[in-house]
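The listed protein sequences derive, respectively, from chains A and B. If you want the working numbering, it's the 1-based position in the first sequence plus 17. If you want the working numbering, it's the 1-based position in the second sequence plus 87.
These are computed hints drawn from the structure, not numbers from a lab. Please note that the accuracy of each hint is not assured.
Unchecked claim - From chain A, some residues computed to sit far from chain B (all C-beta separations above 10 Å):
no., residue
1, E61
2, T76
3, T78
4, L87
5, V92
6, S104
7, N129
8, N178
9, A190
10, T217
11, G234
12, R279
Stated by the list, open to error - Here are the computed lysine-lysine pairs in the DSS-like style, where the Cα-Cα straight-line distance is at most 30 Å:
no., chain 1, residue 1, chain 2, residue 2
13, B, K295, A, K248
14, A, K20, B, K265
15, A, K19, B, K258
16, A, K20, B, K236
17, B, K211, A, K248
18, A, K20, B, K258
19, B, K171, A, K19
20, B, K137, B, K211
21, B, K293, B, K211
22, B, K265, A, K19
Ideal Cβ positions, reconstructed from N, Cα and C, are used throughout, including at glycine.
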Amino acid sequence: MKKLFAQLYVWLILLLLYAPIFFIVIFSFTESRVLGNWTGFSTELYGNLFHNLIQQTGTGTLTAAIWNTLIIALVAASASTILGTVSAIGIFNMNARRKNAMMFLNNIPMINPDVITGVSLFLLFIFLHVAQGYTSVTLAHISICTPYVLLSVMPRLYQMNPNTYEAALDLGATPSQALWKVMIPQLRPGMISGFILAFTMSIDDFAVTFFTRGTVGLDTLSTYIYTDARKGGLTPELRPLMTLIFATVLVLLIVINIRQRRSAAIQKN
Amino acid sequence: MSKRSSWALPYLVFLIIFVVLPLLLILMYALQDAEGQFTLANVMNFFSDKDSLCTFAVSIEVAIENTVLCILLGYPVAWILANKELNRSAVTIVLFILPMWINALMRTLATAELFSMLGFTLGKGTLLFGMVYDYIPFMIYPIYNTLCKMDRSYDDAARDLGANGWQVFWKVTLPLSKPGIASGALMVFMPTVSTFAISEFLTNNKIKLFGTIIQENINSSLWNYGAALSLVMLVIIGITTLMSNRSKASGEAAVI
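Throw the hints in and build the complete structure from the sequences for me.
Structural data, given as structure tokens:
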């Protein structure tokens, strides 16, 4: 009885959480321009989306926004993965006092709300007379993503057996060989989850992008949606786009889950 | 190995340029007038400006309500998910984090649209519901983590010593999960105060939160006043962080 009640509660909260997403998914299969107005089943919006993606590619279009989002996320996630990993190794080798100081600095961007980070970086680019656009947005994203990469690599360093690195050196490896062949492989899981975290944060970011994109008409998906919604009425093609993103993530998660279970099962045997 | 510590130097420089300097710039712009002369007028303006103070009070109120609702609704979820007996069917924490992959603005717009379709007027109620919906994963996750890491033998010990189910929860589980609640509250409270766009969408521009007036000032080139408002937020962030650190520390002390 208690168990049934608990299950019911969890599913109820899940239902509430997913309601708006299902709402978008359902209404991506109708032609209506207005969200919430069902005019019969149709895949026209999907057709329109793909048509637009191929045909309309200029500045200010949805296609441009999607490309900007992906490119900025890829560059920012890669850069912050490298910066975060290198710095994690550095910080790991510091004495306790310096380590604490670095971790304190590293935590500031994570505690700061997006708006404050956005405003502060906006003032920075104004102060340094840096033209705002691609570069400023990418730099801003690197600065909000790197702390998370660092935090996901750090635990790996603590788990690592320091003797393996020394052993590699004793067996004649140069320090850089020991780094690439011994250390990096052990850090890899942390780097991968850090990269994924950084990538999603960059894609999802709105406030920081909003303040640092300048006035050159650079749009990411978030700022595109914001401008679009303020103009009144959301571009209907966003519905199939969000549905596709959701489906992709769902499939990826299921695949990861199955693989994890399989490898857990193999380990048990 | 010790030479490796220099590997963190580039990041130290990066942090100084992109984190420390920008925060100092907020302070600098907040204490300057448009001509670059030192002044306290911007900060004083905030305390004499009724609109700003009102928005500020509303933001704090909404943030407190949102945090409390997230704890009340999210704690049971985290507790059930962390309890192996109650959660045998593989409902995972991942399901609660998955919605975050959909663009937050898009989700918010859909929520607002859903409310209108169901016949609710957009206002305070829908704002709160939408906020809870956006932020509850940030509450569930840290509580879930703390509960999972918790040593279950404390529960057993309490039970062996004669505590009933409720007593075990109130006197053992809840106090031990305080650090999780504190980090969850930190992740919900500040972002709620400073949110912009989300509150406009959920209330049809009826209710503004503090983030919105910061954005409006910056966008209309009133950088100095915008910076002063940001400075007010920074002070509050400092206070809440200290408070949550203290409760975390006391939570950890309780474990020992």
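Hint check:
| no. | hint | verdict |
| --- | --- | --- |
| 1 | E61 | holds, 20 Å |
| 2 | T76 | holds, 20 Å |
| 3 | T78 | holds, 17 Å |
| 4 | L87 | holds, 13 Å |
| 5 | V92 | holds, 15 Å |
| 6 | S104 | violated, 4 Å |
| 7 | N129 | violated, 7 Å |
| 8 | N178 | holds, 14 Å |
| 9 | A190 | holds, 14 Å |
| 10 | T217 | violated, 6 Å |
| 11 | G234 | holds, 16 Å |
| 12 | R279 | holds, 14 Å |
| 13 | K295(B) to K248(A) | holds, 18 Å |
| 14 | K20(A) to K265(B) | holds, 25 Å |
| 15 | K19(A) to K258(B) | holds, 21 Å |
| 16 | K20(A) to K236(B) | holds, 22 Å |
| 17 | K211(B) to K248(A) | holds, 23 Å |
| 18 | K20(A) to K258(B) | holds, 22 Å |
| 19 | K171(B) to K19(A) | holds, 13 Å |
| 20 | K137(B) to K211(B) | holds, 20 Å |
| 21 | K293(B) to K211(B) | holds, 9 Å |
| 22 | K265(B) to K19(A) | holds, 24 Å |
The structure shown violates the earlier hints numbered 6, 7 and 10.
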